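Next come the chains, spelled out residue by residue.
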Amino acid sequence: MTTRLERTVTYGILALFAVIALTPVIGVLATAFGSQSSLDTGFSLPKGGLHWNNFADAWSRGHFGTYLGNSVLVTAVVVAATTVLAVLAAYAFGVMRFPGSTVLFYLFVIGLTLPQEALVVPLYFDLRYAGLTDTYWALILPQTAQSLAFGVFWMRTYFRGSARAVIEAARLDGATTWTTLWRVLVPMGRPAISTMVVITFMWTWNEFLMALVMVSDEAHRTVPLGLAFFQGQHSSDAALLAAASVLIALPVVVVYVALQRRFIEGMLGGAVKE
Amino acid sequence: MRLTAPTRAYRRRAPGEPRAIGYLYILPALAVYAVFLLYPFGQSVWLSFVHWDGLTVATPAGFDNYRALFSDPSLRAPFLHALLLLVFYSALPVAIGLLLAAVMSRARVRGMTFFRTVLFLPQVLALIVVGVAWRSILAPDGLLNDLLRAVGLGGLARPWLGDYTWALPAVGVVGTWVGTGLCMVLFLAGAQRIPRELYEAARMDGAGPLREFRAVTLPGLRPQIAVALTLTIVAGLRNFDLIYITTSGGPGNATSVPAYEVYHRAFETNQVGSAAAVGVALTVLIFVLTVAAARLVEGRRA
Numbered sequence: 002m003t004t005r006l007e008r009t010v011t012y013g014i015l016a017l018f019a020v021i022a023l024t025p026v027i028g029v030l031a032t033a034f035g036s037q038s039s040l041d042t043g044f045s046l047p048k049g050g051l052h053w054n055n056f057a058d059a060w061s062r063g064h065f066g067t068y069l070g071n072s073v074l075v076t077a078v079v080v081a082a083t084t085v086l087a088v089l090a091a092y093a094f095g096v097m098r099f100p101g102s103t104v105l106f107y108l109f110v111i112g113l114t115l116p117q118e119a120l121v122v123p124l125y126f127d128l129r130y131a132g133l134t135d136t137y138w139a140l141i142l143p144q145t146a147q148s149l150a151f152g153v154f155w156m157r158t159y160f161r162g163s164a165r166a167v168i169e170a171a172r173l174d175g176a177t178t179w180t181t182l183w184r185v186l187v188p189m190g191r192p193a194i195s196t197m198v199v200i201t202f203m204w205t206w207n208e209f210l211m212a213l214v215m216v217s218d219e220a221h222r223t224v225p226l227g228l229a230f231f232q233g234q235h236s237s238d239a240a241l242l243a244a245a246s247v248l249i250a251l252p253v254v255v256v257y258v259a260l261q262r263r264f265i266e267g268m269l270g271g272a273v274k275e
Numbered sequence: 022m023r024l025t026a027p028t029r030a031y032r033r034r035a036p037g038e039p040r041a042i043g044y045l046y047i048l049p050a051l052a053v054y055a056v057f058l059l060y061p062f063g064q065s066v067w068l069s070f071v072h073w074d075g076l077t078v079a080t081p082a083g084f085d086n087y088r089a090l091f092s093d094p095s096l097r098a099p100f101l102h103a104l105l106l107l108v109f110y111s112a113l114p115v116a117i118g119l120l121l122a123a124v125m126s127r128a129r130v131r132g133m134t135f136f137r138t139v140l141f142l143p144q145v146l147a148l149i150v151v152g153v154a155w156r157s158i159l160a161p162d163g164l165l166n167d168l169l170r171a172v173g174l175g176g177l178a179r180p181w182l183g184d185y186t187w188a189l190p191a192v193g194v195v196g197t198w199v200g201t202g203l204c205m206v207l208f209l210a211g212a213q214r215i216p217r218e219l220y221e222a223a224r225m226d227g228a229g230p231l232r233e234f235r236a237v238t239l240p241g242l243r244p245q246i247a248v249a250l251t252l253t254i255v256a257g258l259r260n261f262d263l264i265y266i267t268t269s270g271g272p273g274n275a276t277s278v279p280a281y282e283v284y285h286r287a288f289e290t291n292q293v294g295s296a297a298a299v300g301v302a303l304t305v306l307i308f309v310l311t312v313a314a315a316r317l318v319e320g321r322r323a
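Chains A and B supply the protein sequences, listed in that same order.
With the numbering used here as the guide, the letters of the first sequence map in order to residues 2 to 275.
With the numbering used here as the guide, the letters of the second sequence map in order to residues 22 to 323.
Next comes chain B alone, as it looks inside the complex (with noise of 0.2 Å):
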């Protein structure tokens, strides 16, 4: 029985079915996946070594293209405003989700349901949705400029989407109100999953609320914060729909990112041999800080 183990998982399989039965069933998603997906991914790489302007012949560019991205100004922003955006998209969402998991560990709620259900709801609405939502909220007499009068801070109200410093940040918001909710339910089930025993054992041991937070509920709730984090950045850096209906990237290029900047050069500007870059250029980049999010998260297990 023993000695037939291994030789059994070679053969799952029915007497008489060819032994490459495996590569048929992955075949079809294989083939669909590999032109539509891989194989673009693989030209863009390419394209990202030419100057092309999408209708005459393509010439070798070398890394032209990404030296430029350091080089070039108006290349080098959009990354910076991503990384700023960031913080509204990725590092904010997770600590007001921390703050409120860490609240909630201690008590048993009751209602859970309808507050995951409504705390999770902007994940699901299209961006374009919420981009059109927040555009009136934050327009010159929109719901914040209101507000702000109301509570006679007048002065500060502004054309929030068209201000050159406020801009961003405003964008910003847009992100963390969407990101919060997704990294709130996320804590929350990993918070209830905490043994109530472990609680009681860091109260016994004089651990005050501060204390309990850091040994108690963030060594629990660490793959969860792995998981967050990699699912914020990743869309935090893939965001176009909300920069396009909010502020396609002005004014000027206040609010430029790259998956904006992907779109305009390749399908407005005609440099599509640059636009290959700065996509490649974002991949690579969604690698490094999902990965670094991870080792981060993990590191401290030690």
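Isolated chain A, as found in the complex (with noise of 0.2 Å):
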């Protein structure tokens, strides 16, 4: 029994906070959008016609063509990596039992707490030391292990949820513990491989403190942090800065908006304990 009233409320304040949810993604689209000389950062409609001669100065003067290239290879690489790899060791968490499993598997779900900035400083004279610094193993292998704490934490899950008749009637059939992975459950999960691969993909994308340590040369910098440098050279560009973040956002959001519920899921899903 709810009253009309009632429902009014909670329709008023869910379209509250959309409001308010949306509206600085809005206020960058409309900046985007608007002349290049203005100096209205403002939320009025662009004058004069959309500028979308903007992404294009935004995408020539702000190199972002090359660091779209370089987080492309980036977020790629450490996807596969990531992906294979949680598989693998999720895969003898969730299914096998062996001495030491649940220490080692702790070890990993430690990783989720730990934050970048207790790591970032020893991996940067490390890297550097072994000559990797303005590289993009830089980026990579550290995000790879950063992304591995969530990835082998979700695929276990799925493992030790997914049916242990199936697991026990393809070993009958004789199928070894790798066929019976890559044949019978990697297939049937992928829900839960589809949700590792878009947060890893969002989390690498937007990553900023490691690229800003271990990049300092133009040619290996990320997005994000071509923004940064972006902001740092252009501030009162407020049309140009807009159209860079757009290019930065768009991908992520494109993702999101196709598979929303795989990321909440995996979002949420990350900090629950069992």
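Incorrect hints may appear among the rest.
Claimed, not checked - Simulated restraints on C-beta separations:
id	chain 1	residue 1	chain 2	residue 2	range
1	B	Phe135	A	Ala81	48 to 54 Å
2	A	Glu7	B	Ser92	30 to 36 Å
3	A	Ser195	B	Phe288	34 to 40 Å
4	A	Ala131	B	Val66	16 to 22 Å
Said to hold, decoys possible - Derived contacts from chain B toward chain A, CB cut-off under 10 Å, selection only:
id	residue
5	Leu51
6	Ser157
7	Tyr281
Hints listed in this document are in silico derivations from the structure and should not be mistaken for laboratory results.
Predicted model only: the values in this text are computed from it and were never measured.
In this text, a Cβ means the ideal position worked out from N, Cα and C, and glycines have one as well.
Join these two chains into a complex; the hints should help.
Below, the structure is given as structure tokens:
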């Protein structure tokens, strides 16, 4: 029994918070399509049509073509490496029993709360010593290690829940653990795997601190880093800055809107203790 | 059948496969994880006990770097800022989320997918992009000041991020904006799982909306509250991107936080040992607060 008034209030509150959530996003969009000479950072509709050339200018003047390329490369490798390594490890944690498995698993879980700030300082000196700073490796390897904490945790939950009967049946058919994993469990686990993939993709794409520390030459900058430097140089040019922001946010937002259920599941699931 | 069950658990492998097969599956992940996460963390602990400028030979520091966290105001302040920011980053989002869940728990809502997608959106944007967007909102001629002037409160307008008193709360509000959607979505999902009968029973007993919230909604959402607190506390204390892009710790060090201090000390002022100590202390703080949050929420169960 809910009254009409109560329903109105409920929708009113939801709408209010939806507007609050969207306002800064719409503001960036409006500014991105605005005139470059305009100093107005407010939220008026763009005057004189949409200025698509802002994106072209941000692309060329801000070198965002290069940065997007770097981000795509780094993110693709991190996501692929995390997926394969996490699936292998979580499979063992989830369906096999061997001494020390609990301790080893908790070692991975610790990584969920360990802040980057407690790693970044020695990592910088180690990678510099190894001659790897200002290379893609310096962006890929630490990020893969950090994503593994979530990946192993998340995939282990899947393997634990996946039907024992299926595994037993495969084994009775003489399948090795390896074939069982790739022929049976991985195809069955596509939803769980795609959640891990989109979460890792988002974290890697948005990652900033590691990139800031590890990369000093422009050729290896990723997009968030590019935006930070761009802001330093063009802080008065609101339109270009906003256009660059849109270019960076767009890939993640598109994937998010298409797969929002997977995103939310993964981000909330990552912190749920058993 | 019964008797063989425990032994079968140890033999989830086809005949002929090595006994240690489990370790082989874990090895690749563990290698990357150990070399690029566990080992550097160990090194951080070691570095926190030395004085080092990043170039010359490190000298032992004992507990100097840790003592300084309490005695040096420029190190104490970032930790105090971080704790104050948790009000904005964690307490407020949870409180607002609960308020909304309380309102929504009684009615089924149409268009839930739309609202959920929109409310959660701030979570998926890069914090650098969030920072750029909010910098322009909080700028001297930005949206917030425009609004204040429009409603005749122009006297309150100020350069929010450049104001010694207001910069920290201003950054906090951005954190509230990021975290609130997460908490809401989490609580809304939880509230929809609370059996309707509980509300009907409460109403039969003559419970008002407040009693109903305390007796039905709040207990029903306990696991979600624990998750929300954990997520927002960890995210709030890890917060580097937002500070770097909006204020760089300024004006003065009014918005400096531990995460920023680690970067600043290690890579801008060559105090590597001190930076490592801040990083380790931050880790301990995150650990203690998340355990405390879980205890707090679970403790009431009795």
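Structure-based check of all given hints:
At roughly 33 Å, the beta-carbon separation of phenylalanine 135/B and alanine 81/A lies outside the given 48 to 54 Å, and the hint is violated. With their beta carbons about 56 Å apart, glutamate 7/A and serine 92/B fall outside the hinted range of 30 to 36 Å. Between serine 195/A and phenylalanine 288/B the beta carbons are some 37 Å apart, a value that agrees with the proposed interval 34 to 40 Å. Distance hint for alanine 131/A and valine 66/B: a CB-CB separation of about 21 Å, consistent with the stated range 16 to 22 Å.
Using the Cβ-Cβ criterion of 10 Å, the hint placing leucine 51/B at the interface with chain A is satisfied: the shortest such distance is roughly 7 Å. Restraint check, serine 157/B versus chain A: the minimum CB separation of about 4 Å is within 10 Å; hint holds. For tyrosine 281/B, the interface hint holds, since its Cβ comes within 10 Å of a Cβ in chain A; the closest pair sits about 9 Å apart.
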